[in-house]
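Trainee: So you can see what is in the structure, the chains are spelled out below.
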Amino acid sequence: MKRFLILATVIIFLVCLASSGVFCQSGEVTTLTFWTFQESHKRFLEDAVETWNKDNPDRQLKLEGTVYPYEDMHNNLLIALQSGIGAPDLADIEISMYANYLKGTKPALVSLNDIIEPLEDKLIMGRFESYAKDGIYYGIDYHVGATVMYYNTEILDKAGVNVEDIKTIADYEEAGKKVVEETGIPFTVVEVTEHWTLYQEIIKAGSDIFGSDGEVILDSKTNIDILQTLSDWVNVDKIAVSCPGGYTHSEEFWAFMNNGGAASVQMPFWYLNRFTDYMPDLKGKILVAPAPAWTEGGTRSAGMGGTGTSITNQCKHQELAKEFLAAAKLSEEGTIKTYTVLGFDPLRWDVWDAPEMSEPNVFTDYFVNGIDLFDVLLEVKDEINPTVITDIYPAAINLLKSEASYRTIAQQTATPEEVLKQIADELRAMQ
Amino acid sequence: MINKTHNTINSLTVIPYIFVLPFIITFLLFFLYPIISAIIMSFQDIAGFRDVTFVGFKNYRNLLNPHYYNALRVSFTYTFLTIAILIPLPLVLAVLLNNKNLPGRNIFRSALFMPALTSVIVGGMFFRFAFGTQPTALFNHIIGWFGLEPAVWLQGKWTGMLAMVVLCVWRWTGVNIVYFLAGLQGIPNELYESADIDGANGLQKFFHITVPSLKPVIIFVTTISVFGGFSMFAESFAYWTSRSPGDIGLTLVAYIYQTGFNYNNFGFASAIGITLLAIIMTVNLIQLKIFGFFKEG
Chain A
191 MKRFLILATV
201 IIFLVCLASS
211 GVFCQSGEVT
221 TLTFWTFQES
231 HKRFLEDAVE
241 TWNKDNPDRQ
251 LKLEGTVYPY
261 EDMHNNLLIA
271 LQSGIGAPDL
281 ADIEISMYAN
291 YLKGTKPALV
301 SLNDIIEPLE
311 DKLIMGRFES
321 YAKDGIYYGI
331 DYHVGATVMY
341 YNTEILDKAG
351 VNVEDIKTIA
361 DYEEAGKKVV
371 EETGIPFTVV
381 EVTEHWTLYQ
391 EIIKAGSDIF
401 GSDGEVILDS
411 KTNIDILQTL
421 SDWVNVDKIA
431 VSCPGGYTHS
441 EEFWAFMNNG
451 GAASVQMPFW
461 YLNRFTDYMP
471 DLKGKILVAP
481 APAWTEGGTR
491 SAGMGGTGTS
501 ITNQCKHQEL
511 AKEFLAAAKL
521 SEEGTIKTYT
531 VLGFDPLRWD
541 VWDAPEMSEP
551 NVFTDYFVNG
561 IDLFDVLLEV
571 KDEINPTVIT
581 DIYPAAINLL
591 KSEASYRTIA
601 QQTATPEEVL
611 KQIADELRAM
621 Q
Chain B
881 MINKTHNTIN
891 SLTVIPYIFV
901 LPFIITFLLF
911 FLYPIISAII
921 MSFQDIAGFR
931 DVTFVGFKNY
941 RNLLNPHYYN
951 ALRVSFTYTF
961 LTIAILIPLP
971 LVLAVLLNNK
981 NLPGRNIFRS
991 ALFMPALTSV
1001 IVGGMFFRFA
1011 FGTQPTALFN
1021 HIIGWFGLEP
1031 AVWLQGKWTG
1041 MLAMVVLCVW
1051 RWTGVNIVYF
1061 LAGLQGIPNE
1071 LYESADIDGA
1081 NGLQKFFHIT
1091 VPSLKPVIIF
1101 VTTISVFGGF
1111 SMFAESFAYW
1121 TSRSPGDIGL
1131 TLVAYIYQTG
1141 FNYNNFGFAS
1151 AIGITLLAII
1161 MTVNLIQLKI
1171 FGFFKEG
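Taken in order, these protein sequences are the chains called A and B. The first sequence: position 369 = 559 (my numbering), numbered continuously. The second sequence: position 159 = 1039 (my numbering), numbered continuously.
Don't take every hint at face value.
As the list claims (entries may be wrong) - List of simulated lysine to any residue pairs, SDA-like, C-alpha gap at most 25 Å: (1) Lys611(A) to Ser1122(B); (2) Lys296(A) to Phe923(B); (3) Lys1037(B) to Gln602(A); (4) Lys296(A) to Gly1126(B); (5) Lys506(A) to Gly316(A); (6) Lys611(A) to Gly1126(B); (7) Lys323(A) to Gln924(B).
As the list claims (entries may be wrong) - Each pair of labels, with its calculated beta carbon distance range: (8) Phe1171(B) to Gln418(A): 47 to 57 Å; (9) Lys312(A) to Gly936(B): 42 to 52 Å; (10) Val972(B) to Glu372(A): 54 to 64 Å; (11) Ile269(A) to Leu1071(B): 49 to 59 Å; (12) Phe937(B) to Lys367(A): 38 to 48 Å; (13) Phe899(B) to Ile269(A): 33 to 43 Å; (14) Gln602(A) to Arg953(B): 41 to 51 Å; (15) Thr412(A) to Pro1015(B): 31 to 41 Å.
Simulated from the structure, these hints should not be mistaken for lab results. Since the model is a prediction, treat every value here as computed from it, not as a measurement. All C-beta atoms, glycine included, are put in the ideal place defined by N, C-alpha and C.
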């Protein structure tokens, strides 16, 4: 009996040692789990693991990536983090959902300051603030998301409009009138069930939903005027139409645009791949240019959208995961791949003029100025306004999507002032 | 000793409990525990793991907002409309399908039941495109035959409601037909024969024999339709995901989902859930009372 007890104790001791990793020797493969809602993001990190394994033969990695539908992934992750069990090592969290994961005093994500801070002078830091709380960075985006204008040159040529002449919103409106007069084709579209059109203009004009201290400024005069202008484009000047399908990611809009339905659309740089994937007939017709500013010499871009990759506090190899994330998304090679693999504008502006950026690929082939796409970004590099994100950001975006443009532009049941004031008051009540 | 234990288990006082034990365990674990948890959570502000504060009735006070009123309106309207269609329509169809002289009735029976086997998301995708804004989309094409302009179906309050009701009717008509068909098998043929002798016509037989005889089935279908109507989420999600323009598809469950998962405010979401539970129970009790379900004999 005594011998049996000793034997059992030894076995239990060995099992404990093995599970605690004492027996793990260098050179053993470490598995990192990763949840995302974008197949292309999974491909990107798998590619990064291959590069890592070549560079680090003694610290081999294996990535177990799972792609869930957008809502499912965010729900599962929220539940896993709240219950303290079942979360992956790495997870993609979309920007409009990110604040949910930073709620409370103890976010269940790992600080990434030690890999971000050393590169501060090379990174577009505004993009990191969206995933930060109290000075701690929790997520790394895939791109800058700089807003640009996509022009259909075939339609502009017919109307005799030159993109070079469009510098301000007033020029843009002028060009719009000319295009509609000459061709009968709408100059642009305004989203009515999503927020991109309005939000981009608000940020570009130097305004925001929240002020720098987190106070709600959505009902400011600037924002009311902007919404009024967009409404006038559709309902008074008739240079724009409500976006078919309601938003620029609907299948109906892609079909409409692909058939030459509108002469321009303003969206972030990451919208490049929507053109190549869903609007094949516009190949060789779309010119990417800086968007018009609200005032002469005003800022012309906004950092829009995004997905932060984070490490959860349930990750057992946090230091290794951090090093890998830095290599995948912050190193020169990694950020260049965010363009060559994903078609995004890299977070490091010091690679924008790298030779790889003008090598032929699907984007250089598709766009009129494909070879010089990054010249557009370099031109607006210092004009990419950041956004302020607070705890109630998800609710703010939700209300912008379901209320603002819909009620003023599509339904015309409320004035811009009424609707923005109502949303702002509701947000204030949540604070 | 063993014999004694064996006898105790086998006794009439113990064995029924053993048989119902799986149900009791399932009920306690998956129904009672979550309900009690939800009641407790509805009084809390939940920010994260072990980051919970009791906030009294704050979540319930916050219910007094336009989104909640809107969700109530949408849920009540949807439930009313679906019941108004999903009781008479399947009843009439069931009577027709029960007629042995109907040619191809087995094909009709299967065809009408088929949508119930389809995922609501898959069906919803089809209907989302069918209700598209382009003139070539299915429903715009159909109204085009009558000289009507293309409609923006999924952006209007009533057209959006119509889209949800159409999807629901498409999906559940077959299931309700099955319930009514089962009920129809139980009506003795003698009743119809006596009615024939008395010279009753088809309509009279339907209203004076079929409908009264199917009363228990009608009560059952109404009860589950009230549950189904108020707990509807998938139809709305299939059209607009979790946010619809002007909240036209925001039902009570969609509102729970939105506050819980999109805003990470599980305390408030639980409070909505508790009010939903109360509403469904009240509506069903009223409905059962009106139908005379509680009358003895």
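Trainee: Of the numbered hints stated earlier in the document, which are not met by this structure?
Mentor: 4, 5, 12 and 14
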